[in-house]
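Student: Got chain A sorted already, so can you dock chain B onto it with the hints?
Number of protein chains: 2
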Amino acid sequence: MIGILIVTHGNLGVEIIKSAELIMGKQEKVENLTLNLGDNIDSLKGQIKEKIESLSSDKDEVIVLTDLYGGSPSNAVLYNFKNFDFQSIAGVNLPMLLELLSQRKIEKDLNKIVDNILNAGVSGIKSLNEEMKKM
Amino acid sequence: MIGILIVTHGNLGVEIIKSAELIMGKQEKVENLTLNLGDNIDSLKGQIKEKIESLSSDKDEVIVLTDLYGGSPSNAVLYNFKNFDFQSIAGVNLPMLLELLSQRKIEKDLNKIVDNILNAGVSGIKSLNEEMKKM
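Protein chains in written order, with this note's numbering: chain A, 976 to 1110; chain B, 976 to 1110.
A portion of the hints provided could be inaccurate.
Copies of the same chain look alike in the list, so a pair counts if it fits in one copy or across any two.
[Stated by the list, open to error] DSS-like cross-link-like pairs, simulated, lysine-lysine; straight-line CA separation at most 27 Å:
1) 993 with 1109
2) 1004 with 1101
3) 1109 with 1001
4) 1080 with 1109
5) 1101 with 1057
6) 1001 with 1057
7) 1087 with 1108
8) 1026 with 993
9) 1080 with 1026
10) 1109 with 1057
11) 993 with 1108
12) 1026 with 1108
13) 1001 with 1108
14) 1108 with 1083
15) 993 with 1057
16) 1057 with 1108
17) 1109 with 1004
18) 1024 with 993
19) 1004 with 993
20) 993 with 1020
21) 1101 with 993
22) 1087 with 1101
23) 1101 with 1026
24) 1020 with 1109
25) 1004 with 1080
26) 1034 with 1080
No wet-lab data here; the hints were simulated from the structure.
Chain A with its partners taken away, still in its complex shape (with noise of 0.2 Å):
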C-alpha cells in the first residue's frame, strides 16, 4: 500500500489526519512531520528522509503531502528529490487526504492517483454561498 508523509507548518498535518480518521476510521501507513519555530530545516530534511525510506521499505511508493508551496517544509520535500522517487503535492486539505486514502486501496497507477488527489483538493474548494444557490 501506498506510504503517506504530510509534512507541514505546525501541527496542521498530525490534525489533518485525525479529521480524516474521524470520517474513515482508523488508518495504516500515514506518517506526519512538523516544523516549528526554530526548528532546524536540515535536521527536518533528515526526519523526511528516514520517513521515506520507511514507508517505502516493501518497495512501496510514497506520496508526501505538504502545507504550502515555497515554505520550509516544502522545500525540505523538495530537497529529497535528489535521494528518492517519490511524488509529492503541496496546499494539502481535507478532500485530498480522504481522496489519497480512498484511491490507494483500488488504483494501482500513481500518476492516476496524483492526478485524482489533484482534482479532489483543487474540486474541493468552493463557495457554499454559490452552492447554496444551486439547491
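Tutor: Just chain B now, with coordinates in the frame of chain A:
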C-alpha cells in the same frame, strides 16, 4: 476587520490557524469550532450562530472556512445562511487562509476577497514534481 471562523472535524481548524501564525505572526478575529465524534450537530449550529454574531458585532463582515463540502461542519454552516449574511468557503488549506489574512488588511471589496482566496486555495495545490521540472 473581517472576522474569520474556521469550522472543521477535530482540531484541524485550530492547528491551521496556528500554522498560519507561525508564518504571519499572531492574528486577531480568527476563531474556530470543532466537531468531534459523538458531538451534537444542532449544538454546533448554535455555536456557529454565536461566533458569527460575536465576529460581526461591529458590523464587520464574516468569512467562514470549512474543511469539507458535504461534511457535518459545512452543513451546520449552510444551516446558518438562513440567519445571517456571510461568505463561506469549503476545502480550507493553508494558502487560502494566508491569503485571507493578508487580503482582509488591504482589500475592502468582499467579493474580490472571496475570489482571491478561492484562487489562492486552488493555485496553492500543485505537484512538487512538476514544479521541480521547471527549476
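Student: All hints, please: hold or fail.
Tutor: Each hint tested on the structure:
no., hint, verdict
1, 993 with 1109, "neither (31 Å within a copy, 34 Å between copies)"
2, 1004 with 1101, "between (29 Å within a copy, 23 Å between copies)"
3, 1109 with 1001, "neither (34 Å within a copy, 37 Å between copies)"
4, 1080 with 1109, "neither (33 Å within a copy, 31 Å between copies)"
5, 1101 with 1057, "between (36 Å within a copy, 19 Å between copies)"
6, 1001 with 1057, "neither (32 Å within a copy, 36 Å between copies)"
7, 1087 with 1108, "between (33 Å within a copy, 19 Å between copies)"
8, 1026 with 993, "both (19 Å within a copy, 24 Å between copies)"
9, 1080 with 1026, "within (21 Å within a copy, 39 Å between copies)"
10, 1109 with 1057, "between (47 Å within a copy, 15 Å between copies)"
11, 993 with 1108, "neither (32 Å within a copy, 33 Å between copies)"
12, 1026 with 1108, "between (45 Å within a copy, 24 Å between copies)"
13, 1001 with 1108, "neither (36 Å within a copy, 35 Å between copies)"
14, 1108 with 1083, "between (38 Å within a copy, 24 Å between copies)"
15, 993 with 1057, "neither (31 Å within a copy, 31 Å between copies)"
16, 1057 with 1108, "between (48 Å within a copy, 12 Å between copies)"
17, 1109 with 1004, "neither (39 Å within a copy, 30 Å between copies)"
18, 1024 with 993, "both (23 Å within a copy, 26 Å between copies)"
19, 1004 with 993, "both (13 Å within a copy, 25 Å between copies)"
20, 993 with 1020, "both (24 Å within a copy, 22 Å between copies)"
21, 1101 with 993, "both (23 Å within a copy, 23 Å between copies)"
22, 1087 with 1101, "both (23 Å within a copy, 15 Å between copies)"
23, 1101 with 1026, "between (33 Å within a copy, 22 Å between copies)"
24, 1020 with 1109, "between (46 Å within a copy, 21 Å between copies)"
25, 1004 with 1080, "within (12 Å within a copy, 41 Å between copies)"
26, 1034 with 1080, "within (16 Å within a copy, 48 Å between copies)"
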